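Q: Here's the letter readout for the chains.
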Amino acid sequence: MEYLSTDKILVIDLSTAQIEEDELSESLVEEKIGGIGITNYLYDKYKQDDPIVIGTGLLSGTTYPASASGQITAKSPVTGKVCHCPVIYKTGVEIKYSGFDYIVVKGQSQSPVYLWVHDGVADISDAADIWGKDVWESTDALRRFVGDDLLQTMMIGPAGEKRSDYAQVCYNHWSSPDRFGFGKLFGSKNLKGFAFRGMGLIEIAEPEDFVERSLEILKEVKENDFLEENKKGIAQILSALGEEDVEAWIAPIIHRHSADYFTPYATNTALFIDEDPGLLEESQKDEPGVLVSDIYALSGFKKIGLSAVDTGRALKACAKYGIDPFAVAQLCCKTSLEDITGCFDSLDGSIDIPGRGLFTPWCPTGPIFNDFDLSGEDEILSWWERRQAVSMIFGIQPIFCLMCPELTEENMLELASIGTDLDLTQDTLDAVIDDILG
Amino acid sequence: MKGPKIGLYAGSGTSHSWLWFVDLFEKAGFYDLVFLDEFSVQNNDIKVLDVLVVSGGDTFAVAKSLGKEGGQNIKSFVEQGGTYIGSCAGAYLPMNSSKKPLDWFNFVDVKITNLSKTLPLAEITTCKFCTSYGCDFVFHPVREAVALKTTSFFDKKTPVVFTAPLYGGPGMKACDPSWVLAVYEGFTRKTSFLTSRKIAEKTLIKKAAVIRVPYKKGQFYLLGPHLEHPKFKEANQFIIDAVISETGMVQNRGSSKYRLKSAPLKEKITGKQAKELLLSIRRELSNSRIVAASLEFLPIQWLIGQKVYEPQKMRVYLESMWKRMKALEKNKVLILEPGLYSRITSAACQITLELRRIKQQIDENLDSLETAVKIFDLLHVLSSSFFDLYFATLFNGSQQYHEGIKSKVKIK
Amino acid sequence: MGIKINALKCTNCMACEMVCSYHRDDGFAFLSACIVSYRAKEKKDYFGMLLKEEDVLIVARPEGLEINKIGEEADPDKKADASAKPMLLREGCDLCEDMDDYGPMCVAFCPVDAITVD
Chain Z
1117 MEYLSTDKIL VIDLSTAQIE EDELSESLVE EKIGGIGITN YLYDKYKQDD
1167 PIVIGTGLLS GTTYPASASG QITAKSPVTG KVCHCPVIYK TGVEIKYSGF
1217 DYIVVKGQSQ SPVYLWVHDG VADISDAADI WGKDVWESTD ALRRFVGDDL
1267 LQTMMIGPAG EKRSDYAQVC YNHWSSPDRF GFGKLFGSKN LKGFAFRGMG
1317 LIEIAEPEDF VERSLEILKE VKENDFLEEN KKGIAQILSA LGEEDVEAWI
1367 APIIHRHSAD YFTPYATNTA LFIDEDPGLL EESQKDEPGV LVSDIYALSG
1417 FKKIGLSAVD TGRALKACAK YGIDPFAVAQ LCCKTSLEDI TGCFDSLDGS
1467 IDIPGRGLFT PWCPTGPIFN DFDLSGEDEI LSWWERRQAV SMIFGIQPIF
1517 CLMCPELTEE NMLELASIGT DLDLTQDTLD AVIDDILG
Chain B
1217 MKGPKIGLYA GSGTSHSWLW FVDLFEKAGF YDLVFLDEFS VQNNDIKVLD
1267 VLVVSGGDTF AVAKSLGKEG GQNIKSFVEQ GGTYIGSCAG AYLPMNSSKK
1317 PLDWFNFVDV KITNLSKTLP LAEITTCKFC TSYGCDFVFH PVREAVALKT
1367 TSFFDKKTPV VFTAPLYGGP GMKACDPSWV LAVYEGFTRK TSFLTSRKIA
1417 EKTLIKKAAV IRVPYKKGQF YLLGPHLEHP KFKEANQFII DAVISETGMV
1467 QNRGSSKYRL KSAPLKEKIT GKQAKELLLS IRRELSNSRI VAASLEFLPI
1517 QWLIGQKVYE PQKMRVYLES MWKRMKALEK NKVLILEPGL YSRITSAACQ
1567 ITLELRRIKQ QIDENLDSLE TAVKIFDLLH VLSSSFFDLY FATLFNGSQQ
1617 YHEGIKSKVK IK
Chain F
5 MGIKINALKC TNCMACEMVC SYHRDDGFAF LSACIVSYRA KEKKDYFGML
55 LKEEDVLIVA RPEGLEINKI GEEADPDKKA DASAKPMLLR EGCDLCEDMD
105 DYGPMCVAFC PVDAITVD
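Residue numbers (my numbering), protein chains in the order written: chain Z, 1117 to 1554; chain B, 1217 to 1628; chain F, 5 to 122.
Rather than coming from a laboratory, the hints here were simulated on the basis of the structure. None of the values given here were measured: they were computed from a predicted structure. Think of the CB as a built atom: it goes at the ideal place given N, C-alpha and C, for glycine as much as any other residue. Just to be clear, a hint being listed does not mean it is correct.
Under 10 Å between C-beta atoms, here's a sample of chain F residues computed to sit facing chain B [claimed, not checked]:
| hint | residue |
| --- | --- |
| 1 | V60 |
| 2 | R65 |
| 3 | I71 |
| 4 | N72 |
| 5 | S87 |
Label pairs and their in silico Cβ distance ranges [unchecked claim]:
| hint | chain 1 | residue 1 | chain 2 | residue 2 | range |
| --- | --- | --- | --- | --- | --- |
| 6 | F | I71 | B | K1432 | 51 to 57 Å |
| 7 | Z | E1136 | F | M5 | 51 to 57 Å |
| 8 | F | M103 | Z | Q1164 | 39 to 45 Å |
| 9 | F | G107 | Z | S1227 | 17 to 23 Å |
| 10 | Z | D1341 | B | E1492 | 54 to 60 Å |
| 11 | F | G107 | Z | G1196 | 51 to 57 Å |
| 12 | F | M5 | B | S1496 | 34 to 40 Å |
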């Protein structure tokens, strides 16, 4: 697979410490396109080994707007279903630029390890020094060891090591969309996580056409009211979903908003809880706050009566522990910060996963800012599942995909075809989606 | 017809501009390249060469490293018919000088025109960029692209005007005008003036930029600007044509009568062993590149000898090797001399360790100069070793002649 | 004419870095860009942009602009090295002068208009 691709599938057997590389064939891309189309296929191929499959969308890391995400496909140890979790921030893009489109991890390591993936090289590395450490300590330690602060990680914390049902795989220092207990799956394999860094180059079949069309689509996207009105951050998403009171409640501790790769809307908000939120210079404190992308966790803590500052502290504690903050907010039945952070190991209950249970409810289950001409719960849910599938096939930031009608299946297919010189049709996409949705 | 055997000096005192010569010669199809350090010059490994190239860097450091013995060997090499190409610092090196240790290299009677004693005192004080040179100092009137024009001693009929960049190289005056192949003709819109235009013109215009000094059976080429810079294609062609012309003459006499006594027989590595070697090189180059990239914009510099080194320079060496990994990995057979495998892997691992160390030192505001020196030394070792493997493998030790090149050089 | 950066508008999405590198490499990569997202202080939520021009490095911090002459040390008494050879890793910004259809690509592709032409 020459274009929009590293042409590589990595297969790692933790039991034997064997690492193999397969070629990503054009015929596979023509049949399954990319992202969860292929991770689903790879999961099936290796399912007897209970694999974790990391993937990237066909458009991930390109100039297509919001082409930010990677994916994790695995069987949730909690629901028992094969589910798909987006990899966001800059981590998703880093996977592709580290030299692999897809990574299959099977088996179980005899001792704690992490996978260091860089420039087309994959090393199974001893995690003895970071096993037992929280997510922040682990990411910091690896960045120090490797010598690069831009190292991207997917890490479990103590929750995953203890095989909690609510353990998350976190990205860098931050909570993730994982509501499936993938952290438990990692922990059961003695897999502390992944570290990614790479400086690859992705070739494009028709670069000028690809870039020109990308810009046209971006211009259309920018005409959306919510962008022209300069909306940003998680609180404004919650307002759009009917929770208008969150904005005023959280405003005093908002520092700045940031976006995932190439994503026009800043879906992440940094809360400063131990520093003046108005500070523009670099804080002298090592850990002044927490970056939040989980709107329902934020709202969940508010609903149980926490102040904005305590919510920030709770979110920070969850991120460090590597536990799903939404699950904590929903299930802890506590109302003080101290009690909440003390209950991580004693949570009980389950989180509802909407629809077929394939996609994370971290993502609002409906359109945001635009209504997409939808009505009725069934229509919206059906649309939402399809939209999630599409975003994860092509590698589009899943929340932004719910905001932006200008990101159409047609233009995603168009750019994918221009970029790969393959004829990727709507029929193919429909077939892939049907396969994923089952 | 076989191609020339070219030695590139990549030892102590050199900057990274010798990498430009590697790119240049590879593009031209000159694949029989040998990478030399000061010890190989002192051991007279250069006598098997057709061409010896010394590029930019710290002239004094180069001279000191090569030493008297190295100087004698270079002299002997040229006397016996070899071609010396010196660019920038390599051009200053063989010029007559009373300053130690340059006085071990007094081979050509060529004067530097950008020497302070050529200027009145009032004008000297306006020259901010200079290097001490005996009782005087060498000053640098301009940087970046300058215009050169060939002389009638290059081609009687058609003067050629082309551009090349100047980064500290000399303006020159030859005692024999027939030695001068090109002069500084003028400045370009990219020329950066480090002194007044008047002084720059006085120092450079119509002065020699490229000189060819016949020396017994061989010749010294002194290039003031970096004609090997990758963005200056016409200037590159000048060098290629000179090499073809000079070594074409050598080939007419038959192959070199010298064979390096200690030249080790190269071995072939295939299969799993080859794959493992390449993977280990890729692994460590990647690890090193990652740290080097993270250092890139840090506000730190190191003064090593007379030269300022920036973190970016580490990446220059690493990228030069990295961009060739894919081509290397396409080969099923690796050709390398005994010991090269361990030299490469050892240097590569050590560089990663030292780079990670220097990152920590910088983050913790500790002194990092010693580590920087170590890293740059290791980068020289690794890159020379890597290119030994690369060129030997890709071209299987055989000389190839790049058919498409037509020489434009008619040396008088 | 030059690039103007509003660091407070920036959301650190790296679009500018990608398209600038594309302009240099004709492929998708981040290595050759002359405009770079500064994102090494992730835990502190401190980010901005670096722009390499011919002779200067512009550091667009959230608190303000900083312009550093390339090769110049913090100590103004120390001279830059006039014989320093260029690295050729990242070239200085040329405002995408060969891209008539777009103008500077970073300006065209910034999703939040944090980059403009001055």
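Q: All hints are to be evaluated individually against the structure, with a verdict given for each.
A: Checked hints:
1. Taken as an interface hint, F/V60 does not check out: its beta carbon lies about 13 Å from the nearest beta carbon of chain B, beyond 10 Å.
2. The closest approach between the C-beta of F/R65 and any C-beta of chain B is roughly 13 Å, which is over the 10 Å cut-off, so the hint fails.
3. A least Cβ separation of about 13 Å between F/I71 and chain B goes past the 10 Å threshold, and the interface hint is therefore violated.
4. Interface hint at F/N72: satisfied, since its Cβ lies 7 Å from the closest Cβ of chain B, which is below the 10 Å cut-off.
5. Against a cut-off of 10 Å between C-beta atoms, the interface hint on F/S87 holds, since the closest Cβ of chain B lies about 2 Å away.
6. Between F/I71 and B/K1432 the C-beta distance comes to about 54 Å, which sits within the given range of 51 to 57 Å.
7. Here the CB-CB span from Z/E1136 to F/M5 is close to 53 Å, well matched to the stated 51 to 57 Å.
8. Judged by the Cβ atoms, the range 39 to 45 Å given for F/M103 and Z/Q1164 is violated: they are separated by roughly 52 Å.
9. A beta carbon spacing of about 55 Å between F/G107 and Z/S1227 contradicts the range 17 to 23 Å that was offered as a hint.
10. At roughly 58 Å, the beta carbons of Z/D1341 and B/E1492 sit within the given window of 54 to 60 Å.
11. One distance hint, 51 to 57 Å for the beta-carbon pair F/G107 and Z/G1196, holds here, with the actual separation near 54 Å.
12. Roughly 49 Å separates the CB atoms of F/M5 and B/S1496, a value that falls outside the hinted 34 to 40 Å.
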